[in-house]
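There are 4 protein chains.
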Amino acid sequence: MLRAGVVGAFGYAGRELIRLLVMHPGTELAAAVELEGGQRLDRMLPAFGKLSNLTTAVFDAKSLAGRCDAVFLALHGGKAMAYVPALLDAGVRVIDMGPDFRLKDPQTFERYYGMQHTAPELLSQAVYGLAPYYRDTIRGAQLVAVPGCYPISMILPLRPLVGHELTELPIVVDAISGVSGAGRALHEAFQFCEMNENVRAYKLGIHQHTPEVEQELLGEHLIQFSPHVGPYTRGILSTITVHLKGPVDPAERYARYAAEPFVRVLGAGALPELKHVRGSTFCDIGWVMDERTNNLLIVSAVDNLMGGTAGMAVQCMNIMFGLEETMGLACGGMAP
Amino acid sequence: MLRAGVVGAFGYAGRELIRLLVMHPGTELAAAVELEGGQRLDRMLPAFGKLSNLTTAVFDAKSLAGRCDAVFLALHGGKAMAYVPALLDAGVRVIDMGPDFRLKDPQTFERYYGMQHTAPELLSQAVYGLAPYYRDTIRGAQLVAVPGCYPISMILPLRPLVGHELTELPIVVDAISGVSGAGRALHEAFQFCEMNENVRAYKLGIHQHTPEVEQELLGEHLIQFSPHVGPYTRGILSTITVHLKGPVDPAERYARYAAEPFVRVLGAGALPELKHVRGSTFCDIGWVMDERTNNLLIVSAVDNLMGGTAGMAVQCMNIMFGLEETMGLACGGMAP
Amino acid sequence: MLRAGVVGAFGYAGRELIRLLVMHPGTELAAAVELEGGQRLDRMLPAFGKLSNLTTAVFDAKSLAGRCDAVFLALHGGKAMAYVPALLDAGVRVIDMGPDFRLKDPQTFERYYGMQHTAPELLSQAVYGLAPYYRDTIRGAQLVAVPGCYPISMILPLRPLVGHELTELPIVVDAISGVSGAGRALHEAFQFCEMNENVRAYKLGIHQHTPEVEQELLGEHLIQFSPHVGPYTRGILSTITVHLKGPVDPAERYARYAAEPFVRVLGAGALPELKHVRGSTFCDIGWVMDERTNNLLIVSAVDNLMGGTAGMAVQCMNIMFGLEETMGLACGGMAP
Amino acid sequence: MLRAGVVGAFGYAGRELIRLLVMHPGTELAAAVELEGGQRLDRMLPAFGKLSNLTTAVFDAKSLAGRCDAVFLALHGGKAMAYVPALLDAGVRVIDMGPDFRLKDPQTFERYYGMQHTAPELLSQAVYGLAPYYRDTIRGAQLVAVPGCYPISMILPLRPLVGHELTELPIVVDAISGVSGAGRALHEAFQFCEMNENVRAYKLGIHQHTPEVEQELLGEHLIQFSPHVGPYTRGILSTITVHLKGPVDPAERYARYAAEPFVRVLGAGALPELKHVRGSTFCDIGWVMDERTNNLLIVSAVDNLMGGTAGMAVQCMNIMFGLEETMGLACGGMAP
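Sequences listed follow chains A, Y, R and E, in order. So the first sequence is residues 1 to 336, counted in the working numbering. So the second sequence is residues 337 to 672, counted in the working numbering. So the third sequence is residues 673 to 1008, counted in the working numbering. So the fourth sequence is residues 1009 to 1344, counted in the working numbering.
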């Protein structure tokens, strides 16, 4: 059994990862790190009663490296870069679910995250954990940076189109996320009565996931990214408007995803819905061609906590350690 | 007291209108028409118990004209055009909350609504009931066509920009509506378990509200309209992406709304949220200028049943009959 | 115009009261008191943009008394008793929406609220603001204590049964409240992701509303009160199980409510739903007699913020100042 | 691999069962029966895209028996009894998730379900599929009747108390279910806009799950069962009020559940929440003793579709076929 540790066990991404690791037939949850040690996991997270009798520990790279084959970090931006060097030094392979190692350019990181990068020397060795594009380098990586939840929903539908008759206009992406995307931190704006029956846009044009998408579109397109948050817990639906200068056949472009276990191309006129991906690792993609405007409209759906974070992270782990790639992840969306 | 009648009392728009008319200090609910007559309103709609002892009647233009000063129609597309000529002949003023008399061009109606218009001679006399732009003609109108819910959320923020340094590219509008926008008809797609925790896009590029917006932008811009439906009951949030060819100052453009009782301009960087307009007639508008992409991002919010339909209809009634324009409508959003 | 002031303007009860006062045709919102003064109401609560240009002030009894005919307090337990004596001394009539003056017995207050009562001398002069039972004393009261949200949903259906063939067993009340009942204070348990799709019971057998109900059932019955909170914003549904020792006809008992403007008796087999009272001041009551068990099952529904708090408070104000009792409150439930 | 078939694939219970069978490492989904045959499962239920390429068939007992080791029925009351005799004759073991074979007394079935039982001779051989109490007979059963969703939430907390100092009064159970409990059939009452922000009680005193609970409490107690439905998709929370005639120690009574894999006893004062069981097979139990009233208040939580139906059914399958009892079910609640 592969021994896995989680740093940041109580955040929403950490919880979802624990849920997956506990179900995973080839993995044992070997360590859970939180700010405070000595807390029983099943007391703090009653959902795991009778499934784990682990107790939290505080961060200690050597101890983690001794007890784990893989260490996942599920932390806010800026936290992982303090821990990762020590973990790598201690010889354990690291899967970072936060943003610290996704961008190759430390200046871009600093501009969008508002803090200096303290381990820029690791950026070039970190592998971007988007399995359909980096499977081979993920296999041998010591450090994998799992993509952000929004970027997965944009890169998967857009990357096959790069270099194919798109105009140079910024690509317009309006996306809506469930409230869990904001994490567990306490804010009045995310109290039930403030979000129920509410939708709002935020960080228009300045969201930190923008450069990550532009990097993975190979620097060839600007993204006009307008994120929203809506009154539900999980899921990101992205609606992408691409202005074309010539004919493009998305079905042909997306043929490459036929063999991808967790990308489902629904086809022209078949639009994804969040309910079909909730609780799953899938990214669903559909589109409509509007001849009147010469715009291609693409819609994609992921579960931000699972397909967008923890499921993708486990997929990376499976690849890194030679397990069957879909192990522990082959579940359909929970609908209803 | 002004005597008002409602044709289509049990649909969602009809119910909301009844809610407003019952509260309205200058109006008496004088008639409620439904497919079946003789039903007590407070039995069918228990929310109106102890507020109305009206009984439904079947449609009869003369009877309605005798009992009412104004007749509201809250019907699906294609129904009102069968009733309106008889009502006008009978001498009663009509406020149509459906789509039949919004478009000036019957061919466009037929293309988008998939049916022939049977009263095209009335299209030119119908007044588009968008108070901030047609107040003076509404005053004397015999037939007012209340705007659609989505169009209000697009026309109010966009019309002041027409002719002001926008490029000729289609304007991208991604909007999300609460489920009540789909009306009361029974569909599996709108069952609770299918919509809860779900978001989907629909009618991309072909939604019937598109030509209504383009008409009211004076035919100068195409709209790339991508509507969505989300897991909540009321409210439309529209996010509008406009590509600029030169500098525009939205605050200056929107100065005209300072005197509008139900348009609130929040300003640069201040983005509307549905919760602030729910249960109110307001349309809130805010924006962000993205220098990086030369795009102006505008966000607007309305309550689709109230600001988007019934409240706007009552505002038209107030104007038509010389009542104070805000009478019965001066309520703030129900937050929480 | 009656001049009204609100102490505790930003809490959920305060906001709802402001919403009602702004709509009320006979009242002017004359003062809004919060911990911090000088804040524009329409900035802090954008729902009131274009409806109020009031600025908050800090508490000052004399100033309030000078500017207001009635002062409402919308505060947590224990806060009002510090302010009320000064307000009464300054000669203004007070409507307290919190719990401080509901219980006649200061020992009971201290036991259930965990704090000493600092103005016990006012308890006997405070009038319990349940209009159907205390209308005549409310009329002349200087200090009205508006009932709690849960108690309204229990006392109205139960009081007519007191002394009529109920057994001496505790009356079982299972009630569920929307999250707004918890108020605006920030708690992880009330974050969206913690309450969405969730239901929980709390304070079983020890909820502070228990003695208030028992007092208003004239001390003749114990209440076994099991409150719950569910994934919605507004509304309390109480299901009451009463064991009978002989036949009782609820319809006859409830005949007294025929003339009550805001109590609707739906009848045997007709069960209330929250949607019919949301956004209204109504309390709806229905029941089922179970011959098999000799239990009478009563269900009642109120909007906890409106019928349960702010609407009831305005009804009291209307009575106290000789306005029409239903003024500003005659709105039906917002359904949908 | 065990070959499993599902009759009633498109209903909510059927979908959830398919979700579990697809994930189950020891089972293959071998047949999906619906009213119409020849439909691709991944087209009708897009959540299962890339997970199953099965096509629906119409019911044929022999064909099912040939392709399956176990056949699950996920049908409305009254449908299974038409199919089960043929399936048993054809030699396949049957797990019925509907109500037809739960009650031992056909008269009681007829009274509560309003239809005659057409296979009463099978009632005595059907095994009630509540694993903690019937594990040994489930093992060898040809026909298992999986308990109803509500009954699981009542029987598990109540059965250990039978014969232990409860009074003879009816036990009061107020329970609330998510909307999925109503199944997939189209009703206006379950449209999103009718259930969102709504709670209602229904079938007070006459719900068909009542006799099932009374049977499994060994006929020693009447249940006063008041079911409710609330604005969420999944989960049942039952609040149980038991009047005591003498001291009972629930912790001691529930000690028997220590070894049960899917019953979690949280303890005195620790109350279950739906979020901790959603998406899991667990039943969580907690309680409070109210000395003031001599009532014991017990709260239990299950996911009605999983713990309450499909998960319990798979647990029975695991037992019947000698698989590890928790295989495919060891997942924690999906929180958030």
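Note that these hints are calculated values from the structure, not bench results. As the structure is a computational prediction, the values presented were derived from the model and not from experiment. Please note that a few of the clues may not be correct.
Unchecked claim - Now the stretches of chain A that chain E is said to cover, found in silico as 3 or more residues with beta-carbon under 8 angstroms:
#1 40-47
#2 241-253
#3 277-283
#4 323-335
Said to hold, decoys possible - Straight-line distance between alpha carbons at most 20 angstroms, and here's what the computed SDA-like set of lysine to any residue pairs gives:
#5 K1211/E x G749/R
#6 K1253/E x T965/R
#7 K917/R x L995/R
#8 K50/A x T1334/E
#9 K875/R x T965/R
#10 K1058/E x M327/A
#11 K415/Y x R379/Y
#12 K245/A x G541/Y
#13 K415/Y x A393/Y
Idealized CB from N, CA, C, for every residue including glycine.
*What are the numbers of the hints that this structure violates, sorted from low to high?*
2, 5, 7, 9 and 11
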